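Visitor: Just so you know, the sequences run in chain order A and B.
With positions in the first sequence counted from 1, the corresponding number in this note's numbering is that position plus 284.
With positions in the second sequence counted from 1, the corresponding number in this note's numbering is that position plus 284.
Just so you know, these hints were derived from the structure itself, not from any lab.
Quick caveat: nothing in here was measured; it's all calculated off a predicted structure.
Be a bit skeptical, because a hint or two may be false.
[As the list claims (entries may be wrong)] Facing chain A, according to a computed beta carbon distance under 10 Å, are these residues of chain B, among others:
1) E299
2) Y392
3) T412
4) G524
[Said to hold, decoys possible] Chain A is nowhere near these chain B residues, computed Cβ spacing over 12 Å in every case:
5) A370
6) D421
7) M512
8) T652
[To be verified] Below, in silico cross-link-like pairs of lysine to aspartate or glutamate (DMTMM-like), each with a Cα-Cα straight-line distance of 25 Å or less:
9) B:K636 - A:E590
10) A:K346 - A:E332
11) A:K659 - B:E590
12) B:K666 - B:E590
13) A:K636 - B:E521
14) B:K567 - B:D305
We treat Cβ as the ideally placed atom computed from N, Cα and C, and that holds for glycine.
Listed below, chain by chain, are the residues.
Number of protein chains: 2
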Amino acid sequence: MELQLPRGMSDTPPEEKILRDELIGLIRKTFEAYGFNPLETPIVERWEILAAKYAGGSELLKETFKLTDQGQRDLGLRYDLTVPLARYIGMNPTIKRPFKRYQIGTVYRDGPVKLGRTREFYQCDADTVGVRSMLADAECLNIAADVFSKLGFDYELQVNNRKILNDLLAKVGLTGDAAFEALISLDKLDKLGQDGVRKELMEKKIASEAIDQALELIQVGGNSEERMKAIAMRIPESEGLRELRELYAYVDAPERVIFTPRMVRGQAYYTGTIFESYVRDSKINSAFGSGGRWDNMIGTFLGSKEQYPAVGFSFGLEPILQELKMRRAESAEGLPKCVTQVYVIPFKAIVKEGRQIAQQLRRAGINTDMDLAGKGISDNLKYANAYSIPYVLIVGPDELVQSKVKLRDMRSGQEEMLSVEDVIVRLRTLPS
Amino acid sequence: MELQLPRGMSDTPPEEKILRDELIGLIRKTFEAYGFNPLETPIVERWEILAAKYAGGSELLKETFKLTDQGQRDLGLRYDLTVPLARYIGMNPTIKRPFKRYQIGTVYRDGPVKLGRTREFYQCDADTVGVRSMLADAECLNIAADVFSKLGFDYELQVNNRKILNDLLAKVGLTGDAAFEALISLDKLDKLGQDGVRKELMEKKIASEAIDQALELIQVGGNSEERMKAIAMRIPESEGLRELRELYAYVDAPERVIFTPRMVRGQAYYTGTIFESYVRDSKINSAFGSGGRWDNMIGTFLGSKEQYPAVGFSFGLEPILQELKMRRAESAEGLPKCVTQVYVIPFKAIVKEGRQIAQQLRRAGINTDMDLAGKGISDNLKYANAYSIPYVLIVGPDELVQSKVKLRDMRSGQEEMLSVEDVIVRLRTLPS
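Given only the sequences and the hints, what does the whole structure look like? Please build it.
Guide: Written out as structure tokens, the structure is:
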């Protein structure tokens with residue numbers, strides 16, 4: 285037997301899992317501070333749901349893992365958390381709206397493995413279903429701002445509105461399918477450059493004058509306010525612009541919210557506000573989170589005449605973790621290798637007393653490991669070093685007579701004789 | 285399209301997910317207090333790994349969901365967290381032992397759906413790999429004791445040792461395969477009763493005298509100490525008995541650790557200590573957690589000559605949650621329906637001010653939702669009621685002039701005019 289993982293999937297060893305749990309904890313806490321409640325759906329869905337006409341679309345479906353159960357029912361591994369949310373709402377019609385839920389979980393895509401794309405990865409979504417007001421859109425931006433500030437990131441929230449894009453395209457004569465085709469190409473401005481996009485639009489039989497005007501409009505210069513004014517001159521009645529101004533009134537850090545008319549976001553389901561977040565001084569080029577308003581998807585998916593306006597935000601767990609890892613690795617504390625704060629080494633004859641001291645520390649809320657194998661002091665110190673445990677507590681017979689233990693700071697090598705109570709006080713005040 | 289879930293799987297709505305997260309949080313904190321570090325492995329494994337000779341066995345394999353990736357590699361959904369741990373250790377040979385890891389995650393079994401058996405469920409394991417000392421076994425029992433005490437359960441930890449069972453069976457002439465066959469049948473004592481087990485053992489061609497003696501020995505009466513003494517008379521040299529006595533010396537609540545010689549635990553891989561935990565006053569009949577020592581499995585699985593002694597404990601998340609749900613439902617506070625502590629209702633003209641007050645509360649660590657849809661007071665109160673949000677904060681223009689807001693206790697209906705600062709103090713001191 286060869287010991288192998290499925291292609292494109294990987295283990296998360298403790299040193300990475302600790303960081304991920306810490307980040308997920310911060311995001312959960314922030315979602316909950318804004319009144320979002322946790323929902324969990326199975327990792328497996330009926331194939332019929334995943335393949336539904338207004339679900340993820342044919343490209344995603346090609347990358348969906350398929351399986352059957354013993355009853356020969358067709359099933360698949362979920363490729364996102366949005367389709368399960370739409371299904372959940374459809375199956376729970378009496379749910380009181382606004383329904384604000386968050387979900388953090390793994391999704392699966394059997395696609396090409398390259399450039400850091402994996403076949404199992406986390407999504408981390410908060411969505412509000414049942415509200416049209418920009419107050420809900422603003423909550424998404426404020427949550428992002430809260431999380432990125434707490435992480436110490438110099439972040440930027442780029443916003444746009446699909447209605448503005450549609451109005452601009454209508455102004456240059458593009459509506460319906462032609463407008464959507466134009467959006468798909470304009471979305472590639474970063475990748476293909478102006479000439480590349482122009483070429484693609486020409487191939488799509490879009491008039492060259494319209495192309496030039498569209499490219500000029502979405503690349504208007506100046507700061508957010510100047511851009512809004514410039515665009516308002518062309519489409520003064522735009523509902524998208526009105527929404528954008530309202531959104532600005534509800535965000536906590538408007539100076540970090542950058543109106544970016546060239547931002548499109550590829551998915552067909554966005555209907556209004558769209559946004560992406562970036563970290564200015566990061567080496568990572570991709571968005572650290574993104575989202576937008578998707579007012580029509582749930583209703584169409586459910587084939588319902590009812591309206592389900594929705595807006596949501598999704599954190600990019602992977603880029604955030606990579607950024608955190610780089611920063612921590614360069615910092616003095618480094619990356620945590622374990623959760624343990626102190627490692628107790630009892631002399632052989634007094635293992636029971638050593639164990640009781642370990643229990644005392646644990647009860648006081650200090651993560652404590654102890655020598656379970658009866659190793660010698662030097663092997664034990666090597667062990668504590670290998671796991672970067674910051675403190676070691678040596679429980680010897682001489683010390684015990686004085687009701688003291690020896691606390692060793694593994695970084696400095698300094699040792700001190702203390703009572704267990706003093707050890708607790710000392711370790712509790714440490715930054716965890 | 286029919287909106288359906290895969291058979292045997294279910295959504296976890298907020299009111300259940302909140303409770304599950306709370307329980308998982310307590311268990312994680314306890315595992316970490318004992319120096320166990322988190323590990324995460326993919327939900328998908330190579331089929332070869334899951335089907336390996338010393339993995340879960342053919343019965344489990346029959347219930348394993350099978351899938352393939354685009355490269356036609358055979359994969360399966362994991363049926364437990366133990367086989368992935370063995371694979372992880374094999375793939376990371378330089379890992380420093382003792383390796384103490386915990387993992388909490390879903391596993392999948394495509395078996396018959398009945399009697400509360402589901403096809404997606406949580407396992408919640410902590411294992412120590414690389415230690416023979418009973419100190420490691422005792423940590424499992426102490427962790428269980430800590431968690432059950434914190435939950436307020438009147439718990440009991442039943443322990444036994446496979447070496448004791450083997451020695452007892454050897455004493456009545458049963459060794460090797462015959463001994464294991466006998467164990468399998470003795471494990472059914474609760475289900476089949478004494479006559480049923482006797483019949484099954486007769487069918488297995490085990491001598492009726494040996495059967496009678498075995499049944500008598502494992503059902504010896506008295507308290508733990510008396511049972512140990514009675515059994516020591518028959519097998520005074522038993523290493524299992526020595527281990528059991530050592531185990532007792534390392535547990536915090538020996539009075540709750542009940543030596544139960546008739547406890548077998550079905551799995552073939554157990555080699556020493558075995559245990560199961562029960563809640564005495566519960567209507568739920570199944571074990572709330574279980575585990576034991578499995579010294580040989582990893583080495584055999586890896587086909588390695590190296591020794592990988594291991595001991596672990598697994599919490600039964602489902603029975604614990606069911607028990608908690610019943611208790612909470614009967615209690616005054618009831619089951620939490622949402623994480624939100626207060627719901628802000630601003631009058632229409634002062635939405636911005638209302639939003640700022642909500643932000644102030646969130647920054648102070650209070651989970652705050654607000655009216656996003658501009659509903660009237662009475663609709664808003666209905667909404668807060670539907671989600672059992674305990675407090676509502678009414679932000680009106682008159683109150684705002686006095687720098688006050690109206691806090692309404694939704695249970696009592698009492699209202700009070702307070703400054704936002706006072707609201708924060710009030711809500712912070714609430715039991716969360």
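Visitor: Decide, hint by hint, whether the structure agrees.
Guide: Now the hints, each set against the structure:
1. E299: The hint holds - E299 (chain B) has a Cβ within 10 Å of chain A, the shortest such distance being about 8 Å.
2. Y392: holds, 7 Å
3. T412: holds, 7 Å
4. G524: Not OK, violated: G524 (chain B) not within 10 Å of chain A, min 19 Å.
5. A370: violated, 9 Å
6. D421: Answer for D421 (chain B): violated, closest chain A Cβ roughly 10 Å.
7. M512: The claim holds: M512 (chain B) sits with its nearest Cβ about 19 Å from chain A, beyond 12 Å.
8. T652: The assertion about T652 (chain B) is violated, with a minimum of 6 Å to chain A.
9. B:K636 - A:E590: violated, 29 Å
10. A:K346 - A:E332: holds, 14 Å
11. A:K659 - B:E590: holds, 19 Å
12. B:K666 - B:E590: Cα-Cα ~65 Å, so violated.
13. A:K636 - B:E521: Since the Cα atoms of K636 (chain A) and E521 (chain B) sit roughly 24 Å apart, the hinted pair holds (cutoff 25 Å).
14. B:K567 - B:D305: Roughly 23 Å separates the two Cα atoms, so the pair holds.
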